[in-house]
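Undergrad: Spelled out, the chains give:
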Amino acid sequence: MTTAETTHDHHDEGSYLTPKYGVMGTIWDWMTTVDHKKIGVMYLFAVLFMFFLGGVAALAVRLELLEPVRVAADGTITGQLFGPANPESIATGNNIFNRLFTLHGAIMVFMFIIPSVPAALGNFFLPLMLGAKDVAFPRLNLFSWYIYVVGSLFGVFSIILGGVDTGWTFYTPYSTTTDADHWRVLLMVLAAFVLGFSSILTGLNFIVTTHKLRAPGMGWFDMPLFIWAIYATSIIQVLATPVIGITLLLLIFERLFKVGIFDPALGGDPVLYQHFFWFYSHPVVYVMILPGMGIISEILSVHARKHIFGYRAIAFSSLGIAAVSFIVWGHHMFTAMGELASTIFSALTFLVAIPTAIKMFNWIATLYKGSIAINTPMLYALSFLFLFSIGGLTGLPLGALATDLHLHDSYFVVAHFHYTMMGGTVIAFLGGIHHWWPKMFGRMYNERAGMIGCVLVFIGFNLTFMTQFFLGTQGMPRRYASYIDEFQTLHVLSTYGSWILLAGFLVHLFNFIHSLVAGPKAPPNPWGGLTLEWETESPPIEHNFHHEVLVQHGPYDFDTVVPPHCDEREFPLPETPASH
Amino acid sequence: MSHSIDDVHIPNPDFDPTDPHATGQGHHGHHIISAPTLMIVLLLLLFFTALTVGLSRGEVWVQDTFDIILPNWLNIIIAMSISVIKATLVGAYFMGLRFDKALNSIIMLVCLAAVVCFLFFTAIDLGNRDSVSAVRATVPTPGGTGEGLDKTADRFSTALSPRISTNRMPITEFRRTERLNELALKQAEDHGRIEPNDEDKAAGEAEFWRIYYQGYVDKGKHPHRHEHDEHNYFTKLPDHFAHHDDDALEPVSRPDVAGVADSSPNFSFRRTGKTPGLFSEGSEHASDHAAPASDH
Amino acid sequence: MATIDAPNPDIQATGAQTHPLYWKNRGFAHHFRNADEQFDACKLGMWLFLSTEILLFAGIFCAYAIFRMLYPEAWAAGSHHLDWRFGGLNTVILLLSSWTVASGVRAAQLGNNAALIRNLVITLICAGLFVFIKLYFEYIPKLSAGKAPGTFFSYPYAHDPHEPLWWSIYYIGTGIHALHVLIGAGLLIWVLVRAIRYEAYGPTEYTMVENSALYWHLVDLIWIFLFPLLYLIH
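Those protein sequences? They're chains U, H and V, same order as listed.
Counting from 2, one number per residue, gives the positions in the first sequence under my numbering.
Counting from 102, one number per residue, gives the positions in the second sequence under my numbering.
Counting from 986, one number per residue, gives the positions in the third sequence under my numbering.
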């Protein structure tokens, strides 16, 4: 990679993190910034705060499930966590439980996992990896952050007012009839509606940036795979999110005015709502997972010092997943639809397995004969391969019509989507944060603490959710505050697992705080990466690069290129170029 | 130096029509669509608008004059084909897609493909609930069960909709009943009575049907294109209102629903395609009287 | 830094306008390589935004199609309450406004500010007329007759039990469309004000005109489909 002298030199610039105007001035500077890096960091802190809120709700749900709720012969109640211990309180306790799992789902889906990787890491690294100075529409970018904050405030406000018990999917008639004396369901629906706009604007910005602002010399197939993943994600965000907009708008009309579109009392059809909802929400599960897959492609090739295997296959499979995502939504509604539609959707659902498996095999082939560094990002990437495989394979019985009718709405489903969403996206997100932490904040973290945290998260996660597969096949339905005594052992194990998970996250949290306060200064390219973000300083300067970049090698040419800012002794080239 | 997107670079302002942005390299020039082209496109659009309206009026004329009822799908296909032509004209010329980068057209096509998927698969489900297994075939209550509306009366305090209790009737039937009662009361008042008797009720009902058909009498055409025996209102009317189809004048048996004997149109031919289970309760009049589907 | 520090000396020398919004004074943002790239990026962004708008309306069209499939009589009966002459008039008005706004873009491309202003004013008059007809001749008489959506329905002479559902779709579809007419008119007013006050648009700087016009054409496109679907069915 060489740099070309142009008129736009930025030699004497400091890091984007350097405060310039005193305390209030700096706050104002961040609040009005159009710098994609600052917006990315603001998104990162916002989504991590939401992750904390959703996580607290999840822990509370698991705590309630530690014991089944029982009324003994003498009237004493056991296992009731919420509400006073008298027989009348069971309904109250169940009501609180319903609100907690709705809160957990709504926050984790709309406010954490959808914006997590694209809006936080994507905002920070997409322009850097493309060699651009910023995203195409920087003001729109800031605007989308504010929309996100306003939407999240609506959601939090709705929780403060007492929360909603509709489930995160807002199915009618729950969402049109429950809590009829209050505005909070509307507030929560409005929150999801507003957050959708934030998602649309981010996706739109990324598509235009990818098309128009690639550095000179960077063709479509010279882009890092993270960009391909974000690009496919953005397509889904732009095409699917407007439909949730109109759906939630209709839901708001339905609740406020009773217009009857989803109401059988007026001739409407509640299952139509499910179609509308899943036309958005199924593609959106790929909004959640695709960026994670992009991160894994980056981490595996950099930390195994190996050219990614099957670059084009991985790139096209991202687009393939995006395309297929629009024709499989019905598998969420097998028990609600007629047989014809169910059969068609079931058959189409298996198409998703093809591009996903292509990615999985390519990642494993990338590791073959690589020089694998065992560090936190790599451990997370390996965890991803393991956990996401389980998540993906357990999707097959759920996509098959016959088995789904039995597993529908059971803990098997809960375990399946936690293995894909948490074992996939959250694990990849954590891996990505560790991978890019030195670049984002200019400090190294403690590798040993990071690896301990990763192992704890891995063990805790599997203990929490592996047990739920067994619970599900035995017949434990989701969204219940109580259960038969025979399930208790597995539920207890699952709850213990959630505590180990918490311990893992706390280790990471303290590691990050320690790194920010006292971590050693990070070199520009600690891992020997070849993508463009490693060309610049750590943390990057205000305008990203000192010179306009000119791309002269691929993002994964570890066989032939000495990484920028790196010593050849540290990252030696192979003796003879590997034959492909 | 602050990170500001307003650090602008000013191009050379000397205007050169072949290079309007004065950027030198890699410039392709923006297409300026000529005024006659725009005018021709406008005239074509107006022509197609007139055509689609004309065909629709023609359909009514054919129906009224020759009593030929064209199938429903013909209307949709013709109207939508003309709309697609108009939309293509607007997109290609007014919006400039024809002269623009291909990428913008591709975006539109991908977007339309998503729309097609959305419509197609949703329609597959809602149009074929009973097509595989008869178990799923249900007889819904036309007009809705009305049950949820009863709940609104006491439950919703934040909803802006009127809090009505329809007594488990569909809302159209409820409003009709309301009006009939109102007219009966009016008749009673006119005769100095407080409670309407049978005579008042009959007079109120006659007044109701007079208003009901007034619009159609004025326009001199029939009220329904899709006429079905089981809700034929013409049995109510004097001869000169009668439908051409004399067979339909046979009085059909009517349900006695909520005290509005003989005046409930709220049952229709049997329909499928609704959520199973949701329509089974409270649909006694529907299941009693729903005749099998019999178009024309 | 909201404006450019110093006007281009060439412009001062020729005595042209010095306001930073005057079209010859406009540059491009620092992260683009040239003005053309910025123009293309803005237009690409606009097309992506238009595709989101189409998908938003797709929800309404889908609900329309499903219920028309399930309840064809209700749709025919409901449509008979609409007067095709008002719908047709509004169609003609929107088509005319689309033509004037396209002519406005052409005027901006040719640097004819007076023609741009003229065309925008006619477009805005059309927008006003459209909304007026919609409200005064359609919404208000129908609502006062009780032909209202859902539980608001109080018209006693319904032909078909599913007519309230038809009115729900009618008001939501045309209402959201009318909202888009107002938003589009707002954009065009913004463009008009800048054209009058600063002569802000010319051959090298008409992104805003072009994108507002695209939005306006989209409003027209949606109506091209709504009109026959609502007014011309039997």
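These are computed hints drawn from the structure, not numbers from a lab.
One or more hints might be untrue.
To be verified - EDC-like cross-link-like pairs, simulated, lysine to aspartate or glutamate; straight-line CA separation at most 20 Å: (1) U:Lys213 <-> V:Asp1068; (2) V:Lys1127 <-> V:Asp1068; (3) H:Lys287 <-> H:Glu300; (4) U:Lys213 <-> H:Glu300; (5) H:Lys202 <-> V:Asp1068; (6) U:Lys522 <-> U:Asp568; (7) H:Lys287 <-> H:Asp299.
To be verified - Sample of chain V residues facing chain H (criterion: CB under 8 Å; computed from the structure): (8) Gly1073; (9) Ala1087; (10) Leu1109; (11) Pro1149; (12) Leu1206.
As the structure is a computational prediction, the values presented were derived from the model and not from experiment.
Glycine included, each C-beta is placed from N, C-alpha and C at the ideal position.
Undergrad: Output the indices of the hints that this structure fails to meet, ascending.
TA: Structure breaks hints 1, 4, 5, 10.
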